[in-house]
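Participant: Residue numbers 1 to 1028, in our numbering, belong to the letters of the sequence shown in order.
Derived by calculation from the structure, the hints in this document are not laboratory data.
The structure presented is a predicted model; accordingly, all values stated were derived computationally and were not measured.
Worth double-checking, as some hints may not be accurate.
[Unchecked claim] List of simulated lysine-lysine pairs, DSSO-like, C-alpha gap at most 27 Å:
#1 K320 to K381
#2 K903 to K947
#3 K751 to K796
#4 K320 to K288
#5 K946 to K976
#6 K903 to K883
#7 K566 to K526
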Amino acid sequence: MSLFHVIGFGLNLLLTLCCWFVSVISMNWLNDGEIMTTKTLLGDGEQIVMKLWEGIAELSSKIYHCYPQYVVAKKWWRKLLIAWVLLWIIVSFSVFWYMSTQAYEKRKETLTSMCDERARMLQDQFNVSMNHVQAMSILISTFHHGRNPSAIDQSTFARYTDRTAFERPLTSGVAYAVRVLHSERKEFEKKHGWSIKRMDILEQTPVHKDDEYDRDGLEPSPIQEEYAPVIFAQDTIAHVISVDMLSGKEDRENVLRARESGKGVLTAPFKLLKTNRLGVIKTFAVYKTDLPSNATPNERIQATDGYLGGVLDIESLVEKLLQQLASKQTILVNVYDTTNISHPISMYGSNVSSDGVQHVSALNFGDPFRRHEMRCRFKQKPPWPWLAITTATGIIVIALLIGQIFHATINRIAKVEDDYQKMMMLKKRAEAADIAKSQFLATVSHEIRTPMNGVLGMLHMLMDTGLDVTQQDYVSTAQASGKALVSLINEVLDQAKIESGKLELEAVCFDVRATLDEVLSLFSGKSQEKGVELAAYISDKVPDVLIGDPGRFRQIITNLMGNSIKFTEEGHIFVTVHLVEEVIESAEEFKMESSLKSTLSGLPVADKRQSWRNFVVFNQEGSCASFASSSLDQINLMVSVEDTGVGIPLEAQSRIFTPFMQVGPSIARIHGGTGIGLSISKCLVHLMKGEIGFVSLPKIGSTFTFTAVFTNARCKNEQKIQQINNQSNSVSSDFHGMRALIVDPRTVRAKVSLYHMKRLGVHAEVVSDLSYLRTENGVTNMILIEQEVWDTDLEKSSLFVKNLRRINASVSPKLFILANPINSSRAGVSANGFPIPFVIMKPLRASMLAASLQRAMGVGNKGNCSNGELPGLSLSKLLQGRKILVVDDNNVNLRVAAAALKKYGADVVCTDTGKKALTFLQPPHQFDACFMDIQMPEMDGFQATKKIREMESDINSRIKLGQLPPEAYGNVSSWKVPILAMTADVIQATYEECQKCGMDGYVSKPFEAEQLYQEASRFFHVKPNQNT
């Protein structure tokens, strides 16, 4: 069946379902030609669903009987079903968003209306008060400047302003300053009996009590062209009489602007005297005569007699307005002076609000220079959009019901397809098992081949001894069986090479924190035996669940930690996991962690930043931007394993990732291991699209860092994610809401403890010593003290326990000691019946920590020729009297090879290392050939051969140039000893690899007469005296 038929049938089915659903809704929606209300439609919802179920059941029956040939794979139907559900989820969210937006816009319109109304009324009331003040300017112009003598004095002005204060309820006081030229100053001061005082001295202390203020103590106003002393003032501000308004900076600017413009001018907000509330002063100019509206500024200045100012209490004005306009839905009002838009001045209100909706209304107080605005917000949070929620939920429920019906129908149709898929799955499992078997056989057969070489070699040597007929038969039988086994192993290796292919990584959901806990548990016993502190920390920015290969990820960390445990005798091993982006953005934070106070155990460590200095991601320009623009599902992890071990010698660091390489020749004897762990880790890191590096300082320690790319599991396999989260929550559910105090002076160590407590849902706080004890934050359920702090001063520890019991007499918190393996003696402090602290052994893991807290808190083959045949005789002729060097680190293989060559008359010299071979083969020497093992510690056969060829090439060139005499080198002008490789691995020991390093060929172990003759005949010839 073609894919076209499958898609066509699916679309036909979906279209039929949609048309039927629309027809049912239409029939129920229209009733006697009228459109039913939403309430009526929802009331008939049950009847609609029943009709829908009956119709789809009938349709599915027709499909099952009429289209039995259209049985397709379930994945297409599942995709169609998922698309259906996602479509209606999008529709429901769109409806919800639209209705919520409409509600938000309506709420915003309401706020706009209310705010504009308050702004308008505030302007009106302000203008009313200012009109009364301006009217007083006419009064002063008429009765003071228009009469001679003046009909107004200070007492008259004070009584008048006090009696008419009700007309200006928002003003704190009114004052009048007359214009005085410098030439008129002496006469003016003589007339009034006081001198003109300086304004800026009063500005420094604007708030005075009545009995503290001394007007005579003010300094006289400095000499200037004109003055504006206050001659009349309301009693509330009578202290400003005789003060020159032009001597104050801001008042001078307001006065000059007022007389030039002919309009009222406002000051910036300031604290009013006595009330200490915010207010402003509005200044009006009083002119000698009526000026035309088009008068120039100079004409206005010349016609100015004085200046009248009114002090307004803005806070009282706004409060009175809000009391008049009290409504059910209270709003918060703020009034700002926004003349300087970058630094607005708050004149009324606070910034506290629980709603983010805000409206700004402009205010016009009559001064074109100064700008003011009113900002309004709702005091209460907006109500839940229940109509939008119920509508969207109803759409989702109906869509899910239809999807369930569709799913049930398709499952019934695709039953045969299910059986087919199960069969295919079983087939794949069988194929995978076959591949796994081949890989297993390849590994095991390789390990079996090495001891088999010794067995066959010894049997071959035994055949050359004096045996009777029966013994020779037994040995021949054993030798034949051994050779048959070797042949079988060769075939298995060849088959495994064909079938194994490349290593592939899994892509499954896993909990990275649980995985790291498992690795800690693996090395917990070893770290406790050695007294090494072991800890792990994962950044909060790392997701809980990732998609990748947890087994390979665990293998890398296990290899790195295994090396750290092996080479660390004191101090700590610390594993950290961060996001690469986080490391790039927080470079300074990682720099600080290199100091002694920032290490886990206090011992110095290698700077971990040097371990990733050669990573491509840190050397590319704009690496941060590349991460930010990458897929949100891609997670780039950086894992560091830090230790305080012996470190790696500088000369060995270049080959640290070379397979089967050890740091030194004694490492394998002291610590064991094959030297392949780091090379495997490097291959796995590359498969994870990451990089690996290290930094190591001898006698300080090492830090290995690698990166790996995973996928965020937030949108994948929700069932698996939920299962992992449930496992994590089951551990921490008993501790949610509890509070803990962690006492630890070391920042990194405290961060580790805080990380594990946070995983359990415990709100923890860190302090540095026992003298810090807080009680205002509520009940503390548990206190975790570092063993180092507890043992430092037992008297202080005892006093801490007593104070703790006294403060928390009703609920005694549990006391825990975080102990390292090296100082895990149980604390014995018990003060007045206070329980002995519980000891929690490190390393900390979530499951172990939860179990400890729960217990304390009370909460869970070829035919081989026998000896004497022609190949053996030929070999005897070739090898007779030849001096041969045999190099092999395995003593059994060395004995077998030497015996085999001696059998054919060779003079054999044996050595077990590549370095010793260099000494033997230093020209001049008497060796005719060298048989070199490939896999050896310290220096393998390939490296040894390269050095031998370099040494020979150097001597040959110096002899050719005449720098060395040929007589000293046996009259040999060209030195090149034949070197044959010996190996048991027929896959790795290829002719190309041998030629590349300068070898002349290779022979497999144990020696076969045919192959040995074939290789030896290439550079050996039969000596003349041996011919018969």
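Participant: Give a verdict on every hint.
Facilitator: Going down the list of hints, with the structure as the test:
{"no.": "1", "hint": "K320 to K381", "verdict": "holds, 25 Å"}
{"no.": "2", "hint": "K903 to K947", "verdict": "violated, 30 Å"}
{"no.": "3", "hint": "K751 to K796", "verdict": "holds, 24 Å"}
{"no.": "4", "hint": "K320 to K288", "verdict": "violated, 37 Å"}
{"no.": "5", "hint": "K946 to K976", "verdict": "holds, 12 Å"}
{"no.": "6", "hint": "K903 to K883", "verdict": "holds, 13 Å"}
{"no.": "7", "hint": "K566 to K526", "verdict": "holds, 9 Å"}
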